[in-house]
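Trainee: Start from chain Y and add chains V, R and G according to the hints.
Protein chains: 4
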Amino acid sequence: MAFAELAVRIADVGRQCYARGWALGTSGNFSAVVSRDPLRLAITTSGVDKGLLSPGEIVEIDERGQVVAGSGKPSAEASLHVAIVRARGAGAGAVLHTHSIWSTILSDNAPESGLAIEGYEMLKGLDGVRTHDHREWLPILDNTQDWASAVPRVEAILQEQPQAHGFLIRRHGLYTWGRDLAEAKRQVEILEFLFEVMGRKRGMTWQR
Amino acid sequence: MAFAELAVRIADVGRQCYARGWALGTSGNFSAVVSRDPLRLAITTSGVDKGLLSPGEIVEIDERGQVVAGSGKPSAEASLHVAIVRARGAGAGAVLHTHSIWSTILSDNAPESGLAIEGYEMLKGLDGVRTHDHREWLPILDNTQDWASAVPRVEAILQEQPQAHGFLIRRHGLYTWGRDLAEAKRQVEILEFLFEVMGRKRGMTWQR
Amino acid sequence: MAFAELAVRIADVGRQCYARGWALGTSGNFSAVVSRDPLRLAITTSGVDKGLLSPGEIVEIDERGQVVAGSGKPSAEASLHVAIVRARGAGAGAVLHTHSIWSTILSDNAPESGLAIEGYEMLKGLDGVRTHDHREWLPILDNTQDWASAVPRVEAILQEQPQAHGFLIRRHGLYTWGRDLAEAKRQVEILEFLFEVMGRKRGMTWQR
Amino acid sequence: MAFAELAVRIADVGRQCYARGWALGTSGNFSAVVSRDPLRLAITTSGVDKGLLSPGEIVEIDERGQVVAGSGKPSAEASLHVAIVRARGAGAGAVLHTHSIWSTILSDNAPESGLAIEGYEMLKGLDGVRTHDHREWLPILDNTQDWASAVPRVEAILQEQPQAHGFLIRRHGLYTWGRDLAEAKRQVEILEFLFEVMGRKRGMTWQR
Chain Y
0 MAFAELAVRI ADVGRQCYAR GWALGTSGNF SAVVSRDPLR LAITTSGVDK
50 GLLSPGEIVE IDERGQVVAG SGKPSAEASL HVAIVRARGA GAGAVLHTHS
100 IWSTILSDNA PESGLAIEGY EMLKGLDGVR THDHREWLPI LDNTQDWASA
150 VPRVEAILQE QPQAHGFLIR RHGLYTWGRD LAEAKRQVEI LEFLFEVMGR
200 KRGMTWQR
Chain V
0 MAFAELAVRI ADVGRQCYAR GWALGTSGNF SAVVSRDPLR LAITTSGVDK
50 GLLSPGEIVE IDERGQVVAG SGKPSAEASL HVAIVRARGA GAGAVLHTHS
100 IWSTILSDNA PESGLAIEGY EMLKGLDGVR THDHREWLPI LDNTQDWASA
150 VPRVEAILQE QPQAHGFLIR RHGLYTWGRD LAEAKRQVEI LEFLFEVMGR
200 KRGMTWQR
Chain R
0 MAFAELAVRI ADVGRQCYAR GWALGTSGNF SAVVSRDPLR LAITTSGVDK
50 GLLSPGEIVE IDERGQVVAG SGKPSAEASL HVAIVRARGA GAGAVLHTHS
100 IWSTILSDNA PESGLAIEGY EMLKGLDGVR THDHREWLPI LDNTQDWASA
150 VPRVEAILQE QPQAHGFLIR RHGLYTWGRD LAEAKRQVEI LEFLFEVMGR
200 KRGMTWQR
Chain G
0 MAFAELAVRI ADVGRQCYAR GWALGTSGNF SAVVSRDPLR LAITTSGVDK
50 GLLSPGEIVE IDERGQVVAG SGKPSAEASL HVAIVRARGA GAGAVLHTHS
100 IWSTILSDNA PESGLAIEGY EMLKGLDGVR THDHREWLPI LDNTQDWASA
150 VPRVEAILQE QPQAHGFLIR RHGLYTWGRD LAEAKRQVEI LEFLFEVMGR
200 KRGMTWQR
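Residue numbers (numbering that gives the first Met the number 0), protein chains in the order written: chain Y, 0 to 207; chain V, 0 to 207; chain R, 0 to 207; chain G, 0 to 207.
Next comes chain Y alone, as it looks inside the complex (with noise of 0.2 Å):
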């Protein structure tokens, strides 16, 4: 698909995450892969209120997140897309980066390096799950503000759990990725819709 059609289908998810309050204020950030060889990337650029994203806010980047169309100043976590892209291959297509609530929240409190999702239903619309009876672990990254640097630790992560459908910055939000954008909304759906479900449950005191 060429760049301009990419774009208008990233502003479209972009104003659906921000609509169901998963990419406020200028939060969250939304690529799709234009070509391969060379890797080439349209991605939403820095700062723009995604209730109103446009295609004319996306921008085309290369593998060292250089605009190459467009104009505007790709996202400062251009460097993550780029690494997804790289080390999934064909099943990362597009790359999708919210803040939610609830994956604020988990990531926050989860004492581990990662968040066990596990027996859900809800996990079977993951790419490449056939049942409910699946444990999915999400990484957990600590935060930071130098990306570029911590492109190593990403794809180190990544190498390490190749099943992994996502994983959560603590405090930040939820990176996943999808063969295109629509299979990677969904999963975007499906992620926040069990941390929703394990959120609420550990706030329950089941008092009757």
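Don't take every hint at face value.
Covered stretches of chain R, as calculated for chain G (at least 3 residues, CB under 8 Å) [claimed, not checked]:
(1) 48-61
(2) 113-122
(3) 143-149
Pulled from the structure, derived: some chain G residues nowhere near chain R, Cβ distances all over 12 Å [claimed, not checked]:
(4) Gly24
(5) Ser34
(6) Gly46
(7) Gly90
(8) Asn108
FYI, nobody ran anything at the bench for these hints, they're computed from the structure. Because the structure is a prediction, the values reported are computed rather than measured. Think of the CB as a built atom: it goes at the ideal place given N, C-alpha and C, for glycine as much as any other residue.
Mentor: For chains V, R and G alone, coordinates are given in the frame of chain Y:
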């Protein structure tokens, strides 16, 4: 009502369920009876985005789940829809299956084989219930990925609980039905409302 | 305002309440005074989907609840609407009855015969309240299916509590009113907001 | 930007705040600077429904709160808006005041004179904040109905806390501001998001 018209209405109901967060990802499936003799159902196809659900994503199936009109693979749970419309007769002209946050939580933590809902005015929205002084018992089935084999278990429960207006599948969601799509949609809203009331109450400590 | 115009406005308010989850299923009923002498009310008919509420689903009734214009069965709680518009006079040109999650929970667990709401700025949105330093007392009535017989009880409460801006029915919902539909809608929003604040606070453990 | 254009944009922002439940009833008031010398503000009039907010419900006032264009009574809290735009200069080209569930709850139960928010990525959406490793301190003022007299107190707090991006009024809501309406709206979203995260966390028992 003809298949084409039912497909339009099923798509409407599906998009409404998605908007309320009851059919995120590709979760949920929805059907309506096209004819009783021979038995024909209009039913959602598998793996589609309910937020974009269109009549073209609804197929007509026979009692064995074979597609007789439209294209696409019917939901993997089509055998459950067929079992319900047979067991409940005219009371089940439409069957709706939703995956909500609260039905997932309540079915997960209920120690018993079902969920009792009692004493709420909202219960009067269920077919045939005339007073808030009613005790609704929703059976909870364990989840499976082999619904074809599980049909006898579902049929047994529907026979044992002739008054039940729905049932839950553990960590999975709700099945409910009505004489037509409007009634089934009303029952989804009634039951989801009551799940949320009960779920929130169970999480409360009643501090002041 | 003429019946036809009031019917349009009642339908608007009803659809808005539905959108916020305050009138799911077929719950909720809404009315406005067409004339005082003789007393005539425009009121929603029974069993209709508030998400699709249209002016054709509003009827005009007299003080005994008989339909004098339009077609359909008036709400089973029409006698409550008549009692309120009589007891409150010009202060009740419109009556709105909603079934929300939080009014259901708060009325269920309140041990007393009413709910006190005190010290919130939002209280100033109630008719005649000029400061947040106000204590609103909402009586709670036990639920019944025989509202015609319960009218004297409602009338007594309205007389005993001349300052009350509404009342709750246990495990059922809220009745409130205003000089016109806009004021009554405003009061629904104020009270539902305060119910949610109080309900959420009561469920909190204040851990950090 | 001219008054007429600002009125259109204020009305847009107001309707969006209403849709998210941050300006129910007639709560909330919103302003933007028309000119600095002489000081002129476009500001919402008192008692209007923010869900229907139209440019005709915005007036232009001078520094004493007198209406110089448009018709209607300016918000009773206009003196606060004037105090903020003076104290913050170019940093406050627009001022937004919202009444949300979570700001009401957090300001109610905070024992201290302010609310600290620390360590969340979302903080980077606040003007000038470059890292999640930031501690935002939002002063909490006690509520009053005499804002004209309270102006010196507000001015003192703004001077003592030059880094604060907003303040809370106890059991009442949030004031925040930005260089223009877009930035102020972004800050509302950032702060409301963080209030919800903190409020939900404080209510959680972390049972599994």
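Trainee: Does the no-contact call for Gly46/G survive, Cβ to all of chain R over 12 Å?
Mentor: For Gly46/G, whose nearest Cβ neighbour in chain R is about 9 Å away, the distance does not exceed 12 Å, so it is violated.
Trainee: Within the region 113-122 of chain R, is the number of residues with a Cβ closer than 8 Å to a Cβ of chain G three or more?
Mentor: That given contact holds, which follows from 4 residues of the region 113-122 of chain R lying within Cβ reach (below 8 Å) of chain G.
Trainee: Would you check whether the claim that Asn108/G is not at the interface survives, using Cβ distances to chain R and the 12 Å cut-off?
Mentor: Answer for Asn108/G: violated, closest chain R Cβ roughly 6 Å.
Trainee: Taking a Cβ-Cβ distance under 8 Å as contact, does the region 143-149 of chain R have three or more residues in contact with chain G?
Mentor: Since three or more residues must qualify, the claim that chain G covers the region 143-149 of chain R is violated, with 0 doing so at under 8 Å.
Trainee: Please settle this one: Gly24/G was flagged as non-interface, so is its CB more than 12 Å from every CB on chain R?
Mentor: violated, 4 Å
Trainee: Could you check that no beta carbon of chain R comes within 12 Å of the beta carbon of Ser34/G?
Mentor: Label holds. Min Cβ-Cβ 31 Å, cutoff 12 Å.
Trainee: Does the region 48-61 of chain R contain three or more residues whose Cβ lies closer than 8 Å to a Cβ of chain G?
Mentor: Coverage by chain G is violated here, the residue count being 0 at a Cβ distance below 8 Å.
Trainee: Should the label of Gly90/G as a non-interface residue stand, given a Cβ cut-off of 12 Å to chain R?
Mentor: holds, 26 Å
The structure is inconsistent with the numbered hints 1, 3, 4, 6, 8, although it conforms to all the rest.
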